[in-house]
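Can you build the whole structure from these sequences, using the hints too?
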Amino acid sequence: MNTNLECVQPVSGEEFEYSYKAEITNVYPLTRMEKLYQIQLVDPMERERFIFRPGQFVMLELPGIGEAPFSITSSPVRHGDLELCIRAVGNMTKFLDRVGRGTRVGISGPFGTHFPVEKMEGEDILLIAGGLGIAPLRSPILAVLETRSRYGQVDIIYGARRPSELLFDYEYAMWRQFDVGLDIIVDQAEPGWQGPVGLITEILKERIAKGQTDRFREGTSAIVCGPPVMFRFVCDLLIAAQVPVEKIFVSLERRMHCGRGKCCRCNIGSTYTCLDGPVFDYWSVLNLKEAI
Amino acid sequence: MLFKVFPAAELIRLFELLAADRIVGPVKKGEDRYGRSLYDFDVVHDFSDLHLDYEQTIHSAKNYFLPYREDLCTFTFQDDGSGDGGDWHKEVDYGVYAPLVLFGLHPCDINALNKLDKVLLGGRYPNPFYGEKRANMFIVGHSCSPQPFCFCKSMGTDSAIRGFDLFLTRMDDLYFAEILSPRAFHLLEQIDCHDPDSSEHRHYMDIMEARESLFIAHVDTSDLTKILDLEFQASVWEEWGQKCLSCGTCAQVCPTCYCYGVEERVDMDFTRAYKEKQLYSCNLLDFASVAGGHNFRPESHTRLKYRYYHKHRGFVEAFEESLCVGCGRCGQSCLARITVPEVIASVRASKE
Numbered sequence: 000m001n002t003n004l005e006c007v008q009p010v011s012g013e014e015f016e017y018s019y020k021a022e023i024t025n026v027y028p029l030t031r032m033e034k035l036y037q038i039q040l041v042d043p044m045e046r047e048r049f050i051f052r053p054g055q056f057v058m059l060e061l062p063g064i065g066e067a068p069f070s071i072t073s074s075p076v077r078h079g080d081l082e083l084c085i086r087a088v089g090n091m092t093k094f095l096d097r098v099g100r101g102t103r104v105g106i107s108g109p110f111g112t113h114f115p116v117e118k119m120e121g122e123d124i125l126l127i128a129g130g131l132g133i134a135p136l137r138s139p140i141l142a143v144l145e146t147r148s149r150y151g152q153v154d155i156i157y158g159a160r161r162p163s164e165l166l167f168d169y170e171y172a173m174w175r176q177f178d179v180g181l182d183i184i185v186d187q188a189e190p191g192w193q194g195p196v197g198l199i200t201e202i203l204k205e206r207i208a209k210g211q212t213d214r215f216r217e218g219t220s221a222i223v224c225g226p227p228v229m230f231r232f233v234c235d236l237l238i239a240a241q242v243p244v245e246k247i248f249v250s251l252e253r254r255m256h257c258g259r260g261k262c263c264r265c266n267i268g269s270t271y272t273c274l275d276g277p278v279f280d281y282w283s284v285l286n287l288k289e290a291i
Numbered sequence: 000m001l002f003k004v005f006p007a008a009e010l011i012r013l014f015e016l017l018a019a020d021r022i023v024g025p026v027k028k029g030e031d032r033y034g035r036s037l038y039d040f041d042v043v044h045d046f047s048d049l050h051l052d053y054e055q056t057i058h059s060a061k062n063y064f065l066p067y068r069e070d071l072c073t074f075t076f077q078d079d080g081s082g083d084g085g086d087w088h089k090e091v092d093y094g095v096y097a098p099l100v101l102f103g104l105h106p107c108d109i110n111a112l113n114k115l116d117k118v119l120l121g122g123r124y125p126n127p128f129y130g131e132k133r134a135n136m137f138i139v140g141h142s143c144s145p146q147p148f149c150f151c152k153s154m155g156t157d158s159a160i161r162g163f164d165l166f167l168t169r170m171d172d173l174y175f176a177e178i179l180s181p182r183a184f185h186l187l188e189q190i191d192c193h194d195p196d197s198s199e200h201r202h203y204m205d206i207m208e209a210r211e212s213l214f215i216a217h218v219d220t221s222d223l224t225k226i227l228d229l230e231f232q233a234s235v236w237e238e239w240g241q242k243c244l245s246c247g248t249c250a251q252v253c254p255t256c257y258c259y260g261v262e263e264r265v266d267m268d269f270t271r272a273y274k275e276k277q278l279y280s281c282n283l284l285d286f287a288s289v290a291g292g293h294n295f296r297p298e299s300h301t302r303l304k305y306r307y308y309h310k311h312r313g314f315v316e317a318f319e320e321s322l323c324v325g326c327g328r329c330g331q332s333c334l335a336r337i338t339v340p341e342v343i344a345s346v347r348a349s350k351e
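Chains as they are written, first to last, in numbering that gives the first Met the number 0: chain A, 0 to 291; chain B, 0 to 351.
Source of the hints: derived by calculation from the structure; they are not laboratory data. It is possible that some hints are incorrect.
Said to hold, decoys possible - Straight-line C-alpha distance at most 25 Å; calculated DSS-like pairs for lysine-lysine:
1) K20(A) <-> K93(A)
2) K288(A) <-> K225(B)
3) K288(A) <-> K117(B)
4) K93(A) <-> K89(B)
5) K152(B) <-> K117(B)
6) K117(B) <-> K225(B)
7) K242(B) <-> K288(A)
Next up, the structure:
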């Protein structure tokens, strides 16, 4: 009897390294630092079948340069005709900053958890973004606006460092047409700025002081995106305004190397940001060590 | 489980039957300054190079199932001259073309593979690079003599009950064999072996009992997950952090550390690029840094603490067992002499 071993093929996991071939179809400069990239899956069938939910992310691959996670900033109804809002800050994003239309890239995903806007139907929604946090927040904003009648009052609070750093400013008028409360605040005014100046928490504090948040306890969900330092301050205020911890949703950022729960780089405690996140309810965040 | 007994002199025939495939086992690599032998896993070409009496290898056999460097894919560029960089083609090769025999793994290292299987082959995205290596692996385990730094007994990994094809225990001039796979069963049919009689059963039991008494190091794991949560802010972590050099040696020698990073490299003529996976260590400074410069674990003690939390708390929460197998390699290799039993004991003793 021959007891030599035979090489067998893997049991599963064919899709582990699979990425969709995609093309950068358009690039819009948004500010000095950020650009909006329209990235379309090349295969029409794959594009149609690419179904994601607001808050999920993709791994964007630039062959020979690198691969990194980016949250999808477009509406889910666009399927695999994606928009990613990317700041040129690292090796890969600075390279991306220099490429133009027609560049072929790899997209894998969608990965991770999403903002459960489908469960918020019938409720008031408060969406809060700080800085680049508007990138992941724009997807649930658009998703809510597209099905506006299913929600109660919708309020957006967005804070940026300077007026010139405000992202998607060309869309604000459109958002407001959907009966949306949109408050914008900047840390530092610039010539021509008419709006309020200060931190995002000041708008919240003002609303609490005016009793505008009294209705929160009845059924309001909050979605919060921003730099790590922002979460605790904003979420503490929301809790003070009686929003239940399990109805506050945040999107956490970690540098992922696989997006598939295998590289461990995005671990928070026993939790993978790529599989169990990036969207967490605040109850989970309170239970995690070093989450924010 | 089936058991067989064969004369120790037959081991070379077993080895040669397996030698048609690549055999990796413990080989002597040199001596330390006290004249003690140093062992490591390497390809064994000659039976006489196989040192089954090794105390412990410096590294685990990880390089053969989680290589330190491994290409995840190859990109071939086709520049059509249009100026947009042209198109590219992606090819994925799991890189396994031949089976591998791991000869002489101790129970801790077999259990390390069992634990890695849970995380790397489970979940929504099983890792095929690891999976294909595992599917083409024949494992011959070998019993060990507990060393002063081994705390596998505390971690419940001092014996292997699954995850091997054949497990050998030396009984004077005999080998007691535990058989878990048909391949191993057919292999033993080709050498001179017999079913153990009652005196050989007794002999085996005596050896196992004698081995029990050799364990010295001990880690109290009772309620450890809760204690780690309660002591998250304990100052004792900072004390260990001051000793830790953040060099990542512990992860390098650990049989279950699987964290990695990905980098791409490009051929000199720009026709091809490779996506390369490199094993990483959570103790290295930039492990949890993100774009824009923020680092979630900038101090060395936060990274050291994270390593203990992942091994002894996070993995327990996910899989109801610790990721640590108690092989003691990290403590033996640590330049700052930080050992798991001491760290856990100090955290347990912390009264804050």
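Verification of the supplied hints:
1. K20(A) <-> K93(A): holds, 21 Å
2. K288(A) <-> K225(B): holds, 13 Å
3. K288(A) <-> K117(B): holds, 23 Å
4. K93(A) <-> K89(B): holds, 23 Å
5. K152(B) <-> K117(B): At roughly 21 Å apart (the allowed maximum being 25 Å), K117(B) and K152(B) satisfy the hint.
6. K117(B) <-> K225(B): Given that 25 Å is the threshold and the Cα spacing comes to 23 Å, the pair holds.
7. K242(B) <-> K288(A): Holds. K242(B) to K288(A) sits at ~23 Å (cutoff 25 Å).
Every hint, counting from the list given before, is met by this structure.
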